[in-house]
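> Those protein sequences? They're chains A and B, same order as listed.
Quick note, my numbering runs 331 ahead of the 1-based positions in the first sequence.
Quick note, my numbering runs 238 ahead of the 1-based positions in the second sequence.
Don't take every hint at face value.
Claimed, not checked - Between beta-carbon pairs, the in silico distance windows are:
#  : chain 1 : residue 1 : chain 2 : residue 2 : range
1  : A       : Ala672    : B       : Gly384    : 27 to 35 Å
2  : A       : Asp386    : B       : Pro359    : 51 to 59 Å
3  : A       : Leu603    : B       : Arg363    : 18 to 26 Å
4  : B       : Gly388    : A       : Arg334    : 30 to 38 Å
5  : B       : His256    : A       : Arg334    : 45 to 53 Å
6  : A       : Met332    : B       : Asp446    : 45 to 53 Å
7  : A       : Arg334    : B       : Asp446    : 12 to 20 Å
8  : A       : Ala354    : B       : Asp340    : 39 to 47 Å
9  : A       : Ala672    : B       : Ser317    : 24 to 32 Å
10 : A       : Ala598    : B       : Gly384    : 24 to 32 Å
11 : B       : Asp340    : A       : Ile382    : 17 to 25 Å
12 : B       : His381    : A       : Ser684    : 46 to 54 Å
Hint data in this document are derived by calculation from the structure and do not stem from the laboratory.
Every residue gets a Cβ at the ideal spot worked out from N, C-alpha and C, and that includes glycine.
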Amino acid sequence: MRRLRDAARLAALGVRSRPGRAALSALGVTVGVAAIVAVVGISDSSRADLIAQLDRLGTNLLTVTPGRSPSDEPVHLPDTAPAMIRRITPVQRASSIAQLDASVRRNAHVSVADTGAISVVAAQPDLLSAVGGSIDRGRFLDSSIDGFPTVVLGSDAATQLGIAVTDGRAQLVLDGQFFVVVGVLRPLALAPELDRSAFIGFPEAATLSDGPVPPTTVYVRTDPDNVPAVQAVLASTANPAHPTQVSVARPSDALAARAAADSTLTALFVGLGAVSLVVGGMGIANVMVIAVLERRGEIGLRRALGARRGDIATQFVAESLVLAVAGGAAGLCVGTLVTAAWSRYRHWPTSLSLVALAGGMIAAAVMGTLAGFYPALRAARLAPAEALRSPT
Amino acid sequence: MTGTDVPVIELVDASRAHVGPPVVHALKSVSLSIARAEQVAIVGPSGSGKSTLLNLLGTLERPTDGRVVIDGRDVAALSDRQLSAIRAQHIGFVFQQFFLLDSLSALDNVVTALLYRDIEPRQRREVAAAALDRVGLRTRLHHRPGELSGGEQQRVAIARAIVGHPAAVLADEPTGNLDTDTGHAIAELLTGLHSDGASVVIVTHDLDLAARMPRQISLRDGTVHSDTGARV
């Protein structure tokens, strides 16, 4: 115990008496640990954000879309599908949309072929509550404006068309007819396919298409405790005649999969951090070898005072360890700061696992000990009389 | 030999050759013994083997031939660990270049000598302060070497050598880096140490200093040329 305390004190002394050099030699380890901690931290924070999104959006959204007929021809959902689905007891909400074969243009001078990949979609007023979406500006479709030529844009569609105002002055041309933009949506995390859509009411859609339009997707919100049960009966409820021609999906699965996935990039950057840590360790080893050369006098003196080879070796290993641990601690701080700053910038919750922090610290300590071995061995092997012959 | 007194250090036909090429015979078949509280000056021209003799006496080097016996034990039979223990407990060194650690206070420099002995950390500073008091540096405990004169630095080094009450203090040109007056003061301090019971062996070029010592051993070409205290 006493030897340990003496070793720690000697090591701290050795580091303190050359602070500039100590800081420089520990820098490599700082960079390595900071890189590892920041990469793991940023990946953790991004995951925490996905999980928070899932919690917020709920995992109880299901989508019902037409599948394929046995002869691989496109099929439609029956017109009755939304109403039938609403009759399933745990279903809280079912809102259907219909993809229309119509073009949307900024004005009449733009070519009809130039759709900008924006689709026109007929939607019901309760679509937003079903997909967990929200309004960025203006309003959504509702019964009070049914029958008027009004359109609401998804976030990407609004950006693409350059629509900034929803006060009634912005108009778009849908299939040759003017529509007033009354609202713009925020991005829809659970239904990103709708971000590039222009929404109109079903009555206007019927007018544009000269007849009622069949639903192409039904968004279904269920009681969170009965999701699998509802999922099991959705197909046969939507299309009792041909349940196999209905496809049912759970969009939150994609988010959950992203949250669960360890990205290859993260692994790559952790690897780079580890390389930097090793290089940092070699830097410390280098500095320690030089220190042993410079401090031959001190080594000789300590041997003359009765220090054993082991005492000398311990002193230099401990010094290297102190350097690496100090560098590692600085790296932890830098890595944590970088994680916090990046999460803040991306509006993520900051999350940093203890495993990353402890792992970074342990890696630094192991590196420092390894780096100290060779210099310590050289120091311990110095013959006392020879060491004393060199000037201090 | 005084007969009743076991010698503190004894060399029997001790030789020391430095491995070459060329092989240098720094010391050839030297026999001598240092008695308790004896004061010995070792003189001789450069290259006569003075420093090698001192290193053998202090177990910093082992003889390539012959025997060195310290505290009744043959150095050749001891491990590095045991030799280190002998240096820690029985021998104090004083060097021409002082070898003080610049970043430590006088007190901590003296404490350094106690790190390798079995002594409670709490007592170390007390014992070290007492040793500094013994060499007249009571008011300089917390000064760093850079803030001390050469003579004061050598006093700190002497305090460090005697802090563990060694059986022998071995000094290599202790006044070599000091002006005459300071050198005299240091010489006085060193020769006074035998009253504490320690043998004092001083390697020196300084004939004045050598003349103060009751026994003078003169080396030439690695052998003892004359020894005023030799008893057959």
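> Next, verify each hint and record whether it holds.
Now for the hints, and whether the structure bears them out:
Under the hint 27 to 35 Å, the C-beta atoms of Ala672(A) and Gly384(B), about 44 Å apart, miss the expected range. For the pair Asp386(A) and Pro359(B), the beta carbons lie near 56 Å from each other, so the given range of 51 to 59 Å is met. For Leu603(A) and Arg363(B), the Cβ-Cβ distance of about 49 Å falls outside the hinted range of 18 to 26 Å, so the restraint is violated. At about 34 Å, the beta-carbon gap between Gly388(B) and Arg334(A) stays in the expected band of 30 to 38 Å.
One distance hint, 45 to 53 Å for the beta-carbon pair His256(B) and Arg334(A), is violated here, with the actual separation near 34 Å. A hinted range of 45 to 53 Å for the beta carbons of Met332(A) and Asp446(B) is consistent with their spacing of about 50 Å. Checked against the hint of 12 to 20 Å, the pair Arg334(A) and Asp446(B) fails, with Cβ atoms roughly 44 Å apart. For Ala354(A) and Asp340(B), the Cβ-Cβ distance of about 19 Å falls outside the hinted range of 39 to 47 Å, so the restraint is violated.
Restraint check, Ala672(A) to Ser317(B): a C-beta distance of roughly 57 Å breaks the suggested window 24 to 32 Å. Restraint check, Ala598(A) to Gly384(B): a C-beta distance of roughly 52 Å breaks the suggested window 24 to 32 Å. Between Asp340(B) and Ile382(A), the C-beta spacing of about 57 Å breaks the proposed range 17 to 25 Å. The beta-carbon spacing between His381(B) and Ser684(A), approximately 50 Å, falls within the hinted interval of 46 to 54 Å.
In terms of the numbered hints stated before, the structure departs from hints 1, 3, 5, 7, 8, 9, 10 and 11, listed from lowest to highest.
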